[in-house]
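Could you build the full structure based on these sequences and the hints that come with them?
Protein chains: 4
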Amino acid sequence: MADPGQHDPRVTDVGRLVVRCPDRPGIVHAISGLMAGLGANITDSQQHSSDPSGGTFTLRLEFVLARLAERRPELEQRLAALAGEWQLDWRLTEAGHRPTIAVFVSRTDHALQELIYRVRAGDLRARIACVVSNHRDLEPVARAAGIPFHHVPVTPESKADAEARALELVGDVDLVVLARYMQIVSADFCGRFPERLINIHHSFLPAFVGANPYQAAHDRGVKLIGATAHYVTPELDAGPIIEQEVARVDHRATVEDMRRVGRYVERQVLAQAVTWHVEDRVIVEGPRTIVFA
Amino acid sequence: MADPGQHDPRVTDVGRLVVRCPDRPGIVHAISGLMAGLGANITDSQQHSSDPSGGTFTLRLEFVLARLAERRPELEQRLAALAGEWQLDWRLTEAGHRPTIAVFVSRTDHALQELIYRVRAGDLRARIACVVSNHRDLEPVARAAGIPFHHVPVTPESKADAEARALELVGDVDLVVLARYMQIVSADFCGRFPERLINIHHSFLPAFVGANPYQAAHDRGVKLIGATAHYVTPELDAGPIIEQEVARVDHRATVEDMRRVGRYVERQVLAQAVTWHVEDRVIVEGPRTIVFA
Amino acid sequence: MADPGQHDPRVTDVGRLVVRCPDRPGIVHAISGLMAGLGANITDSQQHSSDPSGGTFTLRLEFVLARLAERRPELEQRLAALAGEWQLDWRLTEAGHRPTIAVFVSRTDHALQELIYRVRAGDLRARIACVVSNHRDLEPVARAAGIPFHHVPVTPESKADAEARALELVGDVDLVVLARYMQIVSADFCGRFPERLINIHHSFLPAFVGANPYQAAHDRGVKLIGATAHYVTPELDAGPIIEQEVARVDHRATVEDMRRVGRYVERQVLAQAVTWHVEDRVIVEGPRTIVFA
Amino acid sequence: MADPGQHDPRVTDVGRLVVRCPDRPGIVHAISGLMAGLGANITDSQQHSSDPSGGTFTLRLEFVLARLAERRPELEQRLAALAGEWQLDWRLTEAGHRPTIAVFVSRTDHALQELIYRVRAGDLRARIACVVSNHRDLEPVARAAGIPFHHVPVTPESKADAEARALELVGDVDLVVLARYMQIVSADFCGRFPERLINIHHSFLPAFVGANPYQAAHDRGVKLIGATAHYVTPELDAGPIIEQEVARVDHRATVEDMRRVGRYVERQVLAQAVTWHVEDRVIVEGPRTIVFA
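Protein chains in written order, with this note's numbering: chain A, 1334 to 1626; chain B, 1334 to 1626; chain C, 1334 to 1626; chain D, 1334 to 1626.
These aren't lab readings, by the way, just hints derived from the structure by calculation.
Possibly wrong hints are sitting among the right ones.
Beyond 10 Å from chain A on every Cβ pair, some chain B residues (computed) [what the hints assert, rightly or not]: (1) Gly1359; (2) Ala1399; (3) Ser1439; (4) Ala1544; (5) Asp1613.
Restraint ranges, calculated between C-beta atoms of paired labels, are given here [stated by the list, open to error]: (6) B:Gly1388 x A:Arg1440: 29 to 35 Å; (7) C:Ala1626 x A:Glu1490: 45 to 51 Å; (8) A:Leu1502 x B:Arg1585: 38 to 44 Å.
Cβ atoms here follow ideal geometry from the backbone N, Cα and C, with glycine treated the same way.
What follows is the structure, given as structure tokens:
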């Protein structure tokens, strides 16, 4: 896919800095001093203290700095100097950078289509590097969008080999999105993409476990169909939540109607979560996330 | 509380008929024929077939029939005649009737206050017959609204006696509402009010079990705080769902903030569920409800 | 586009009947008698009385009738017989029928893409017969979906000719959708598609008139961005409303952000309105609609 | 009303600082340096730049400073020193302070009741100093809550005198809330409470002007009923918007149903707007607001 935003005036010389450190008075002063010293103009700033007395401080800055690409080493050097003193974790991104995404799918296309649409529309500033699937159904969708498609069949016996093969094909991407992949990935796989592996799953109140949650939700007569996008950790479906949303159904909805409603919620929640991730708006803090939306 | 709607022109001669029977072609024709024969004008009609081939048929009619109170016996006679042939369950209500409600509370007043407000505003056409609590905290709220208040302390040892005492005090009400009562009621209690006992509880995606679900939801970083109103059955929190809603929170919300948001969702969901029940809009069908909203 | 639902078991022998007439007691009995007499099983029924005393009665039935296509003439004959007596307007549709749609667009593709997606997903049971545009920008989108594309440039001078040309190209479709066409259509055009011409436009509270409503909404700091789908009548933007929705923005949203949010609301509202129309769920009643959703 | 939060641990030593000035690099550094120099710990910080190049910079800080009340003069002195250099407007509040509110009503109580409830619940940290009305209907509501009630009849002839009388009775309050007052206040009145006078009114898409907007909205068949809370300026209904929300209705809603739905939206939107105002979260910037929610 072409990159329509390569010379986008919205992103030239725009940088993003995410910082995390133990909370101590003066940290904002130290970082704002660093930015002011460089002549950077902070255009957006959001911060969070997990606990005013002794928690973790998290800060996200958007700034404009003339000739950002050229002056990046200088900025990084100053940040490194500050990092020791304040125990800073930091991440610096040029807004013009388009991270690469590998999308894993199975047979349903709603989540993948939405990601493709938002990339094309310029609303999701990323590049879908490849689509990986255990089925061939969505190959035409990927091809039509000019995205490489890798078919990696998975059977109970071949699971480990298939994952290894998928990892090899995917290579060095910035983010992996499980867009209704319907396969549980291994702890090794999770470990390859720490805080860079996003999944979407349906959610109900109450939760329904077992083979067919939509049938169970229907039998119980739930009124809301939800979806949750979260980072994947080795504990199944227990990773930090990025975004959730629900849609309303009533007693007339069949199981199939509920699935359909669920698909529209899923595509929206996943696309929102991926967009926030790509814009460095999501910071993982233990079992939860901070979302500077 | 006075009854501002006693001579409300909206309800004079307005009746509601709810019918349930095995689904067979011709049932609508039979019932509409009965109503037409009496000269009743059907102003609202909603129906549901659980399964087009051999399920349960449910119908709710609102109708205007001149001199309804006087002609009610005639209507009932005709319905009884039809009931045998079609295996009808039916319930006939005059819209002018104000059902009585007993509200069970503990220490928080948000749900009770909302019910009192909606009765006063004329939006919930019912009469709160009494408030029962295991604490004295909300006695002033009930008193200020002119509602009898019964203090029935509950201890682990006295639980059975306390329930018996509460049942005695409550007497013969049309509906019991657990408006944050915080006590598990017995199967006997549930059996006294079949499909006439409504509870409200918080809901999350995913569900969190254990002693402090708000803390667990906070730790996991949920983005939606929900509430579910349901009929109470002996299986805890598993009765037919009437209504659900959620509100949005973000990472800045403390556990206390989440509780506060939860209270506003709970009061709205409970008041809506009670209003629909009182207007004969909720029909229980096994583990789920049909809500002719 | 192929028709994946041609032999869809959900629609075989499923019919829809929409009826409108002056409200008189007995009308439901008469119609249900007709259906029962044929052996049709009514699976969904919704009705509305504009005014219990002397208004208009509207009814929508979904039914299953074995060998529907074959028995349709018989059903139509009986309806015609009833029509005289009760002054019925009626419309009978086989659910297996896929109406044809002409989509008019200008340069933005969000609404068109959503319609294409929903048709493909089987959620919108229609066939997009052609795309008409005054610009060539979306020709690739139409082509990729296998839909004929007609470029009909419009200039102030050529407006009447362009409309005539577009009408000729569109021919005899069931529905015309203005999916961000950005051109005002003539009263003649509206008259060609009575109650079969749907438009989408942005909506704000309050409304902003003039050349750049998004700029005006931004300047005033609105917190909700909305969209309205409506039937087009010769009075601009005043036709019967089918569906509306809003999304939330805050003070950080730029005019461009607001437009982007607006696009997602628009595509959803338009797709919903078109789907309801196609399923015979929208009945126009003077300046408003009844939506049996 | 008693003040349950007088010694609330959540607010002891908690301060809020709102700052506005021309945007220049270094401003965050300057203010954070001032706070760090005092030993204040910033627990929440939100900022906004109206335009990265040459707009207005707005900042809201929450901070904890040991012995805040005692050290306030020192803090103010330092802020005053900074103000000259940076052209700062600033406002400093101790979170323990409970601002006073005068509530103007007419005959409907939903908005007033909600404000009373939220104050009592501790969710709105303010004190309702008095209720003013041109009718006596809500006197019992105010009395029951222990709030002074002033009856100030208004006739077309007495309008100016009535306003003068109301202003005298109200005296020196921090905020005036028009909670369905149904009277247009004069430009003089507005001028007395600059950015401290909040109104609630219903909102539709599209807007309906004239005597009976609910009837007009009903006739047009709108699907959303909205409400807008805004600061009042001499231009009617055109002041900076603080908050908006909508609720869904369908074709079955009567005009009276729409009014009822509107009341629930209004009470929620107004209470939210007042709460944000009281917590110094709303900053007026010309015709719009910045809401640091």
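To see whether the hints hold, each was checked on the structure:
no.: 1; hint: Gly1359; in the structure: holds, 22 Å
no.: 2; hint: Ala1399; in the structure: holds, 33 Å
no.: 3; hint: Ser1439; in the structure: holds, 22 Å
no.: 4; hint: Ala1544; in the structure: holds, 17 Å
no.: 5; hint: Asp1613; in the structure: holds, 15 Å
no.: 6; hint: B:Gly1388 x A:Arg1440: 29 to 35 Å; in the structure: holds, 31 Å
no.: 7; hint: C:Ala1626 x A:Glu1490: 45 to 51 Å; in the structure: holds, 48 Å
no.: 8; hint: A:Leu1502 x B:Arg1585: 38 to 44 Å; in the structure: holds, 40 Å
Going through the hint list in order, the structure satisfies each hint without exception.
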